[in-house]
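Protein sequence lines correspond, in order, to chains U and C. The numbering used here applies: residue 1 is where the first sequence begins, and numbers increase by one. The numbering used here applies: residue 1001 is where the second sequence begins, and numbers increase by one.
Hints are computed from structural coordinates only; laboratory data are not their basis. Some hints could be false.
What the hints assert, rightly or not - Within a straight-line C-alpha distance of at most 25 angstroms, the following computed SDA-like cross-link-like pairs (lysine to any residue) qualify:
no., chain 1, residue 1, chain 2, residue 2
1, C, Lys1046, U, Met52
2, C, Lys1002, U, Lys188
3, U, Lys188, C, Asp1214
4, C, Lys1237, C, Lys1047
5, C, Lys1162, U, Lys188
6, U, Lys20, C, Asp1214
7, C, Lys1195, C, Lys1046
8, U, Lys191, C, Ile1112
9, U, Lys47, C, Lys1162
10, C, Lys1047, U, Ser184
11, U, Lys188, C, Val1043
12, C, Lys1088, C, Asp1214
13, C, Lys1162, C, Asp1214
14, C, Lys1068, U, Tyr111
Said to hold, decoys possible - In silico contact screen, one side only, chain U against chain C (beta carbon under 10 angstroms); selected entries:
no., residue
15, Lys12
16, Val21
17, Phe22
18, Leu101
To be verified - Cβ-Cβ distance ranges computed for the label pairs, FRET-style:
no., chain 1, residue 1, chain 2, residue 2, range
19, C, Lys1035, U, Ser74, 37 to 43 angstroms
20, U, Asn25, C, Glu1222, 45 to 51 angstroms
21, C, Asp1091, U, Lys20, 20 to 26 angstroms
None of the values given here were measured: they were computed from a predicted structure. Every residue gets a Cβ at the ideal spot worked out from N, C-alpha and C, and that includes glycine.
2 protein chains.
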Amino acid sequence: MKRNERVGAIIKILSSRPNKVFSLNSFTDKLDSAKSSISEDIVIAKKIMENMKLGRIETIPGAAGGVKYIPVTSDEETQNLLEELCAKLRDESRILAGGFLYTSDIMFDSYIMKKAGEIFATHFLDKKADYVVTVETKGIPLALMTADALNLPLIVARRDSKVSEGSTVSINYISGTDRIQKMSMSKKAVKPGSKAIIIDDFMKGGGTSRGMVDLLTEFQVEVVGIGVLISMNSPEKKRVDNFISLITLEKVDTESRVIYVYPNKNL
Amino acid sequence: MKRNERVGAIIKILSSRPNKVFSLNSFTDKLDSAKSSISEDIVIAKKIMENMKLGRIETIPGAAGGVKYIPVTSDEETQNLLEELCAKLRDESRILAGGFLYTSDIMFDSYIMKKAGEIFATHFLDKKADYVVTVETKGIPLALMTADALNLPLIVARRDSKVSEGSTVSINYISGTDRIQKMSMSKKAVKPGSKAIIIDDFMKGGGTSRGMVDLLTEFQVEVVGIGVLISMNSPEKKRVDNFISLITLEKVDTESRVIYVYPNKNL
């Protein structure tokens, strides 16, 4: 195998499994080459990713070491994606009765969610979380892609307890529409003493996120970060303290049919 | 930029967006190289993917042409993944009260779902579908990854009609537990006259898939394929005719605590 073939294969293998450490030996076997050649290939792969802003390749020294791909999103790329998303959201045909916004096409778009998940992964990389947690339904793709980018398991809390979840712990919480709702999680899902990042599609008052924090507390799981795709800027006081949102929804003006949304410029 | 750098970058860009056609010009700009060099780079990239069985790179001739990555899974890789999955499923600690099986950790595992989605994408590639459709909740990751591999939008039917879905069409269907359940889909979700692939995590009698077929018929959408991760081999007669399942669940023996699951050898 020639060098350019090995470099291409290494990039494909690493980037299809973000944040997973691959041993150098796994490449010497697969590519039938000496460790010294593979090491040089990795240096080239690293340089490509850096120059092209396609993420970062990192080598971990030592016996348990190896190499991994980190899907870092640059500030410029983040802002471009968020501007694009805001433009999509401003389409007046999204306005529904009651001033709600139709966003399902976006929340279930795998490519947009992959890019948004990489933004969250970049932001939460240092949190050393053990899980990504969401509650069904519309936040699942975003949470899944964030989990994929961080190489973490995803836990999905359910609205009802299902037989297929085994024994569950349930809590009541106050949703965005001020109704009391139920949320439950399987006892098999998480280990006590671990850390979690909460990801959701939308935040109004923060009640659903609060519910997830409370539910995870029952499992002795610490929440080390909360990320939502869209948050409303009113009410200003949310039921959770620290969260990041990629996009702020200020207002849906049903009279003039204008949707006021802005990207988070601090990302 | 050197050749091996360009080849690496092309592989990364193509494989992060399966089945999307990239024009050659998009690469000449990004990699600051002549079209003739990029064409040669693509030939090398093609060869790498083929030799390493990492999928297929295809060039589309003509003015609207370009190049795309197709995440084809080889028969051998498919069988390896399914054997691995069956081994995971045979873990007796998965057995729940009533002979149910705990599978949430698998269904929400992004990497397993990505690989399984690529198997479905390989199988359904020629169906020329416009959408991938599922019903909440546990089938969403698998359906999302299938949609991603095929570069198609994902539509998620809901159990209840939500305000955030706008006006919806609902149907009643008979679920695996023989209860009558409701399923609804937003009128904004699909275009009449289009084609869809149905993806779900689990099939017992096929009632849920039947429900999705019936719901899509209301939208004048033709179902061109049905894929499930796990199907039970009893009842033998399902409520839908054509479907593929990756894994067959024969029996959960709650006495001896043995789970009988087999990979689909015909894939």
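Hint check:
no., hint, verdict
1, C:Lys1046 / U:Met52, "holds (20 angstroms)"
2, C:Lys1002 / U:Lys188, "violated (51 angstroms)"
3, U:Lys188 / C:Asp1214, "violated (35 angstroms)"
4, C:Lys1237 / C:Lys1047, "violated (45 angstroms)"
5, C:Lys1162 / U:Lys188, "violated (30 angstroms)"
6, U:Lys20 / C:Asp1214, "violated (42 angstroms)"
7, C:Lys1195 / C:Lys1046, "violated (30 angstroms)"
8, U:Lys191 / C:Ile1112, "holds (21 angstroms)"
9, U:Lys47 / C:Lys1162, "violated (48 angstroms)"
10, C:Lys1047 / U:Ser184, "violated (49 angstroms)"
11, U:Lys188 / C:Val1043, "violated (48 angstroms)"
12, C:Lys1088 / C:Asp1214, "violated (34 angstroms)"
13, C:Lys1162 / C:Asp1214, "holds (20 angstroms)"
14, C:Lys1068 / U:Tyr111, "holds (15 angstroms)"
15, Lys12, "holds (5 angstroms)"
16, Val21, "violated (14 angstroms)"
17, Phe22, "violated (13 angstroms)"
18, Leu101, "holds (7 angstroms)"
19, C:Lys1035 / U:Ser74: 37 to 43 angstroms, "violated (27 angstroms)"
20, U:Asn25 / C:Glu1222: 45 to 51 angstroms, "holds (49 angstroms)"
21, C:Asp1091 / U:Lys20: 20 to 26 angstroms, "holds (22 angstroms)"
In terms of the numbered hints stated before, the structure departs from hints 2, 3, 4, 5, 6, 7, 9, 10, 11, 12, 16, 17 and 19, listed from lowest to highest.
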